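Asks: Chains A and B are the protein sequences, given in the same order.
With my numbering, you'll find the first sequence wraps up at 596, consecutive numbering, no jumps.
With my numbering, you'll find the second sequence wraps up at 1681, consecutive numbering, no jumps.
You may find that some hints are simply not true.
For lysine-lysine, the following DSS-like pairs were computed, each having C-alpha atoms within a straight-line distance of at most 25 Å [as the list claims (entries may be wrong)]:
{"no.": "1", "chain 1": "B", "residue 1": "K1078", "chain 2": "B", "residue 2": "K1029"}
{"no.": "2", "chain 1": "B", "residue 1": "K1029", "chain 2": "B", "residue 2": "K1055"}
{"no.": "3", "chain 1": "A", "residue 1": "K30", "chain 2": "B", "residue 2": "K1174"}
{"no.": "4", "chain 1": "B", "residue 1": "K1174", "chain 2": "B", "residue 2": "K1143"}
{"no.": "5", "chain 1": "A", "residue 1": "K117", "chain 2": "A", "residue 2": "K157"}
{"no.": "6", "chain 1": "A", "residue 1": "K30", "chain 2": "B", "residue 2": "K1078"}
Covered, in the sense of this in silico footprint (three residues per stretch, anywhere, with C-beta under 8 Å from a C-beta of chain A), are these stretches of chain B [unchecked claim]:
{"no.": "7", "stretch": "1121 to 1128"}
{"no.": "8", "stretch": "1477 to 1484"}
It is worth saying that the hints were derived from the structure and are not from the lab.
These figures come from a predicted structure and were not determined experimentally.
Using N, Cα and C, we set each Cβ at its ideal position, and we do this for glycine too.
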Amino acid sequence: MPPTIDAATLEIVKNQLVYTATQMAEVMRKTAFSHIAREGRDLSASIHDHQGRLLAQGAEGIPIHLCGASYFVANFFKVFPPETLGPNDILISNDPYKGGQHLPDITLVAPFFHAGKAQCFLMVMLHHTDIGGVAVGGLAGDAREIYGTGLIIPISKLNESVRGILAANVRVPDDVMGDLRAQIAGIEFGRRRLTEIYDRYGASHIHDVTLELLAYSERRVRTNLAAIPDGSYTVTECMDDDGIHLTTPVPLVVKVEKRGTDVVVDFTGSSAQTMSLNSPIGNTISSVSLSLRMFLDPDIPPNEGCDAPLTVIAPSGTINNPNAPAAVNTRATVCHRQEEAIIGGMAHLMPHKSRAASYGCSPCLLLSGQDEESGRPFVLFAGSIPGGMGARSTVDGVDGITCDMSNTHYMNVETIEEKIPLLVERQEFRPDSGGPGLYRGGAAVRQVIRARQPMVLTLFADRQKIPAFGLFGGQPGGVAEFLLNPGTAEERTLHSKTTNLPLHRGDVVSFSAAGGGGYGDPLARPPEQVMADVRNGKLTVEGARDYGVAIDTAGGYDELATHQLRDAKRRERGPIDWVIDRGESAAVYTGLPARE
Amino acid sequence: MFRVSCDVGGTFTDMAVMDEDTSEVAVYKVPSTPDEPSNAFLSALREVCATRDPKLIRFTLYGTTVMINAVIMRKGAKTALVITRGFGDLLEMGKKDRSPDIYDLFYVRPPTLVPRSLIFEVGERLDRRGEIVNPLDLDDLAKVVNGLRENGVEAVAVSLLHSYVNPSHERRVKEMLEQALPGIPVCISSEVDPQIREYQRTSTTVMNAYVMPLANADFCRLQQKVKEEGVNGPVNIMQANGGIMTIPAAVQRPINTLLSTHSGALTLASTIGAEIGERNLVVIDLGGTSLDIGFIHDGAADRHSETQVAGQPVRLAMLESFSIGAGGGSIAWIDDGGALRVGPHSAGAVPGPICYGRGGERPTVTDANLVLGRLSPAALLAGRFEIAGGATREILLSEIGKPLGLTIEQAATAILRVVNACIVEEMRLRFTQKGYDPRNFSLFVVGGAGPLQAGVIAQELGIGKVIVPRYPGIASAMGFLFADFKYDFAMTLIREMRSITEDELRNAFVKLEAQAVRQLENDGFTRDRIHMHRYLDMRYTGQGYNISVTLDEKSPFDVSAIEARFHAEHHKLYGHSDPDSPVQIVNFAVTGEGLVPKPRLTRGDSAGSSEGDPRTRDVFFEECGGWIKCEIIDRESLRPGSELGGPCIIEQMDCTTLVHPGQRIQVDQLRNLIIINSAGR
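Extracted from the complex, chain A is given alone in its bound form (with noise of 0.2 Å):
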């Protein structure tokens, strides 16, 4: 620690930090507009160094966005050199070819002066309701190129220009630009309170702080992760397709190398990228910072340098490190697996620290239409209908529960009523959909609705013919199972990237993403639990059978019968020598082992 600095002083600025970006990204939830940012909270601050280091974010956020700002802010300087900036100028951009999350998300990067010179730099980033393109929310899930999906803001000076060319490009301007005045608020909040922290301590001071926050970050990284057993591993996931190619599985690979107290993530050997389904290098750094912070201790406040142990190898023109012009609104796919394979992985490591795969992706469902009463046009972004956690190696998976990057609030059934002429006629956990294990895969939701009148349909999801991966004989989960129509003669499947479907009135839709796979030899779970999930809508008794569980006429188990049962399926299916499970359907669609 430089002489200069007691401790006492260095863990206040910390916090000080720390909260002013906690309190710029309140000061944007409050004054903002559209629900998702109100009330799904999906929105981010943070304040940057001149190379665009993380100094410091806020407490709440949603992950993914808060990982990685850093790698898009210093892309922002390349366009705008920090020194020919002015103390007012605020700079804007979504490019995720720049480090941008991906469309919606329009971040706000801006100076913070004192004494006359440029000292730090605040973002702010929230996912607008829309942003032009075929689809509402840019999110079509068939995109071919980037081009379709919505307006690409270049790294621009925020003037009337560029405001005027946002509101002229979206379906909702209110929301937007009153979203966008939000961020500008959470800007000017940040650099109010910068001011007296920086007229308290002096700006040279609050360097040297800052020098050493990140100093204090990597050394408890590096502690943290010098109890994380040396060695590597390889995990290959698939996702289903991408959106275009219905029967061509997409593959992702990658690489995890621990050496004593530095980490390296390598997805050589991943796809190509595709038309659609792609991760921003910006996004996949992300990705990568989060999926190791599970293993940390969480009380390391997040900045660059908790980074500083940590290479990611993404090769260009991957999905992982997309080139222009592929379509990435659907991205947070691609993360989501990055995520339930880096974290799965770590089951050859540690074996009794980890957690099998997850509904891996946010499943989106979005709804357009005009009202027939009021002749308003409404959008609802039903965003994220949870399916289910994977299993860890103590406890069940969740069961319908936000995972890894996302971390959205549930939305009343109520308010979407009153808001769109729909009917949600169910939303209940989906039986059997948890991988069966030791601990079971957390159930998925299943929501079923019924337009009122016509209206347009847009739903992205995934791992409809992948299911979550098992660990340790734990099996995998449930897939995905989109219907329209469901019970009925015209009842079909929808596939899980469908675009601007139109639903006429009376049309009944059932969305459920996948169940989260399970954990551990499913024939050791104590027969009390089966029993548990059979009374709780978790399991049906067919399903029971998977752990070899005979339940008797009375709605009790037969302790004999299972004890049988369970010798008998023991022995059919041998000592378990595999890690992974990936099921015989998706071995059959990939070519992958189903086991290894």
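Dock chain B against the given chain A, drawing on the hints supplied.
Replies: The following block gives chain B in isolation, referenced to the frame of chain A:
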């Protein structure tokens, strides 16, 4: 006549008695009896009655944590939930985010109050207008009745979709269940919380049912026992909204009593604030393990309408309070990156700080204060404990000082700087969330550990004035003495401001007001002692968040005035408003107040200064460069009008007030201590 108030806390049960004629207050503190909380209450009451005629007690006020502990420990009634078909998993799936533990690989959802096996679905469905899509399925209901019987449930919650618009299905269910299961309480969501958003409404209704049998037993037993002590006056119950309710009302809505403790301090602050002309107060209650922050704005405590209890959302009118884990017992430690940290772990009451000598081995904020001479070994807990001063110094030096290369004084100072900064940043965040400027506020501080830290906290926030009331250690019980009866009623009714008329507005309120008036008349209030507050939750059409707008007392239903208020409020809170955008009403709400005659606060004799020879003690002040002889004053000796310059320390039974160099302290007519920051306003 006397009035008695009691606040049952985890460690101590506080009691305050006010003589209505002289407004003299006496205070009592006895150890709590967690196994049977009313025992501590009764032993305190006996102490009170030892010198007073129990027949002269007009009424007793009871604030309890029994209900909230039952929720936290999951020890409430065996409760069932009846819900619309297709939504039986709502309570679980409603919490689909992982906040605040988003990076926890082993995250587990907090358990719901009703197991899935006691959730029963019934066929029925209403739409957003309350029109019947599917009629109530009576066969289903018959099956539910059997299920409830077979399982021996003790309470039932009923929550059906869109019942806030049309309660007819819920009412029918209630009728049938009450008939079939006499003696089992049935709570329906359209009565408990008739507002949109099924997850919050259902959770609130469930929690109400969950504590209902317990509340019934606890309150009725208490009333009985108090009677046995010879007290004829009724026992009334404190609520989270800062008001009082009768036992019959509390038994119906026990959820209102869940978060009542914080409301006492806020009621005390607003009462004293009104007397001394302080209309904007930030109120902090700093105890051993936690800090509660609340606001009095423009004379009234800020309210809010939703919170979480033990991981479950609860929607009810309450005085707003934010809690964080920082207090006198917060532990200082060096983390694996070599940084000095304070909290969030606390030594709690047991083992407590090292200096209590009860087995505490980790240095705490209280220990740092002792080491710096700010807490007197003799004054600490009125000498009830042998102070382990030697061990405190030793451990603080070896655990914090040595690793950081600091002297013991520097280490203790660093601990206090860090904990104060944590508190200050948390308060700053709350100011930001509220849209308030700290420079327009005074700091009202209570809690045993509060007055030691408050001077510095105020300085950091740019607050000019700190108010330390007469008995900071029993603020809740003191506050209860000044509460009125208060009943809140709210309902969702979504209406466009553009098309609503004055008459429609008035009619919508009539129903709510009638409920409040009926309740207060039952309690014995005549119309002239009933006061009505009206609120609307409003938003720009299409927005997701509501703003609560208080209607004008004189012309409440003036549509354009209401709209103007909304725009102004929106601008105040969010920094922008859009007078051209259409505005919607979402919820209607009223608070019916039954006004209780209040004693005047005691005004002491003016003039005179501290009596006796001033004592001094060596106290360490970083800003003075080290140890200085600091004046120590007994609070009992201070008379209204006294004024002193800092640094000095004012000691009383369970609390120490620290005045820093550069600050002044005055004693006002109500014998509050007022710390003045010259650097402030």
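Asks: With reference to the structure, classify each hint as holding or not holding.
Replies: Going down the list of hints, with the structure as the test:
1. K1078(B) - K1029(B): Between K1078(B) and K1029(B) the Cα gap is close to 35 Å, so the pair fails against 25 Å, i.e. violated.
2. K1029(B) - K1055(B): This hinted pair holds, its Cα atoms lying about 22 Å apart.
3. K30(A) - K1174(B): Roughly 39 Å between the alpha carbons, so the hint for K30(A) and K1174(B) is violated.
4. K1174(B) - K1143(B): Holds, at about 15 Å.
5. K117(A) - K157(A): holds (19 Å)
6. K30(A) - K1078(B): violated (39 Å)
7. 1121 to 1128: That given contact holds, which follows from 3 residues of the stretch 1121 to 1128 of chain B lying within Cβ reach (below 8 Å) of chain A.
8. 1477 to 1484: violated (count 0)
Against the hints set out earlier in the document, violations occur for numbers 1, 3, 6, 8.
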